[in-house]
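Below are the chains, spelled out letter by letter.
Protein chains: 2
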Amino acid sequence: MEKRISREDLQRMDRWTRAALVNSVPGFKSVVLVGTANAAGVNNLAVFNSVVHVGSNPPLIGLMFRPRTADVGHTYHNAKSTGYYTINLLQFGFLDAAHQASSKYPEHVSEFEACGLQALFSPGFAAPYVAESPVRIGLRWQEEHPIAANGTSFVVGAVEEIFLPEECLGPDGFVNLVDAGVLAGSGGDGYGPAGPFLRLPYIGSEPAKSGSLA
Amino acid sequence: MEKRISREDLQRMDRWTRAALVNSVPGFKSVVLVGTANAAGVNNLAVFNSVVHVGSNPPLIGLMFRPRTADVGHTYHNAKSTGYYTINLLQFGFLDAAHQASSKYPEHVSEFEACGLQALFSPGFAAPYVAESPVRIGLRWQEEHPIAANGTSFVVGAVEEIFLPEECLGPDGFVNLVDAGVLAGSGGDGYGPAGPFLRLPYIGSEPAKSGSLA
Chain A
0 MEKRISREDL
10 QRMDRWTRAA
20 LVNSVPGFKS
30 VVLVGTANAA
40 GVNNLAVFNS
50 VVHVGSNPPL
60 IGLMFRPRTA
70 DVGHTYHNAK
80 STGYYTINLL
90 QFGFLDAAHQ
100 ASSKYPEHVS
110 EFEACGLQAL
120 FSPGFAAPYV
130 AESPVRIGLR
140 WQEEHPIAAN
150 GTSFVVGAVE
160 EIFLPEECLG
170 PDGFVNLVDA
180 GVLAGSGGDG
190 YGPAGPFLRL
200 PYIGSEPAKS
210 GSLA
Chain B
0 MEKRISREDL
10 QRMDRWTRAA
20 LVNSVPGFKS
30 VVLVGTANAA
40 GVNNLAVFNS
50 VVHVGSNPPL
60 IGLMFRPRTA
70 DVGHTYHNAK
80 STGYYTINLL
90 QFGFLDAAHQ
100 ASSKYPEHVS
110 EFEACGLQAL
120 FSPGFAAPYV
130 AESPVRIGLR
140 WQEEHPIAAN
150 GTSFVVGAVE
160 EIFLPEECLG
170 PDGFVNLVDA
180 GVLAGSGGDG
190 YGPAGPFLRL
200 PYIGSEPAKS
210 GSLA
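Those sequence lines, one after another, are chains A and B.
According to numbering that gives the first Met the number 0, the stretch in the first sequence is residues 0 to 213, in order.
According to numbering that gives the first Met the number 0, the stretch in the second sequence is residues 0 to 213, in order.
Derived by calculation from the structure, the hints in this document are not laboratory data.
Do not rely on the hints blindly, as some may be mistaken.
Put simply, identical chains are the same to the list, so a pair is met inside one copy or across any two.
What the hints assert, rightly or not - Only pairs whose alpha carbons sit at most 16 angstroms apart, straight line, appear in this in silico EDC-like list of lysine to aspartate or glutamate:
{"no.": "1", "residue 1": "2", "residue 2": "166"}
{"no.": "2", "residue 1": "79", "residue 2": "142"}
{"no.": "3", "residue 1": "2", "residue 2": "165"}
{"no.": "4", "residue 1": "2", "residue 2": "159"}
{"no.": "5", "residue 1": "79", "residue 2": "143"}
{"no.": "6", "residue 1": "2", "residue 2": "178"}
Please take these sequences and the hints and turn them into a complete structure.
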């Protein structure tokens, strides 16, 4: 049976049920650890599932921040003040550790140490990467758009560097994340595998008939 | 072997390789058909893979638009002028048809007819849904944020209504998209299954030890 849920139905739900529904219904998503450091050199980690492709020329990646949420707030303030942050894709092998980053730690606690993950630095880049992650992207704070409707912020970052397993990078530039063993997200708390992916050919104005498996 | 790709390496790539890399590397994503209608009642469809959760109270979903791209441009102008648009999750059963929406059709052509998909209307809602899609969300244009870095626009939509298979809606609000048979995206042209998903319990300040399978 098909069910219709109206705006009014959503408003009547308790906040946890509404959050689970609205967060899970729009599709599978990327789930990453965001790494930052504060001015005192304390490293911070937080799980984000709001990565979005903004453009490739120049290479830009967007992320939703909740500036007023205690745990994510550290990430926001660190990224904004230092200008640098990293996104690190997840694998099952360190998922339990990554999930610990959802805990609320005081600002002076390194969440790498608290979670049992290893910080990794790249020369000239002011934010820590997660050593356990096979696919890591270093971003530079580019522009911020405060969302009037709910007080969150959409932040666009410029891609400064990418680390990935060489064998996952195809000759056409496509990164095979299935081979990299990284996880997809569903809702705010679901982690799972994805793929295999059928790649469909670009069509200008002609119908496409077949694809290739990646 | 691990490979590092710098900003300069990216700049040296041809635009297709760079686009494939930057679009695929940040993780799996949602892939949807966006449905709109213009003032003359001509229905438009386009494939988007830039859905992002903005918030649940009020329920808000973000989408990246490329206003100057011919095919996506129709969607942008229709959504902005009518104030309504729909997102419709994909299944393998109509993937080939959905992919046809990537073709560039003239503005007077209904892309539903051109793709062989059926338009479905909901009372009082000015944009068409895709009848073949099991999970459909009606959005009202809420706020637009032009991205200075590349001329795209981040648009936040308010959730007006949701249609989904009743059996996929859990008692806690989590929508089981695996049971709904919808696809994940990878890069700009990859379509595949995802799951099963392990749901990890919310942690305040205590370590989490186990999860449940969804």
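Against the structure, the hints:
no., hint, in the structure
1, 2 with 166, "between (44 angstroms within a copy, 9 angstroms between copies)"
2, 79 with 142, "within (10 angstroms within a copy, 23 angstroms between copies)"
3, 2 with 165, "between (45 angstroms within a copy, 5 angstroms between copies)"
4, 2 with 159, "between (45 angstroms within a copy, 14 angstroms between copies)"
5, 79 with 143, "within (9 angstroms within a copy, 22 angstroms between copies)"
6, 2 with 178, "between (37 angstroms within a copy, 15 angstroms between copies)"
Figure legend: structure checked against the earlier numbered hints; every hint is met.
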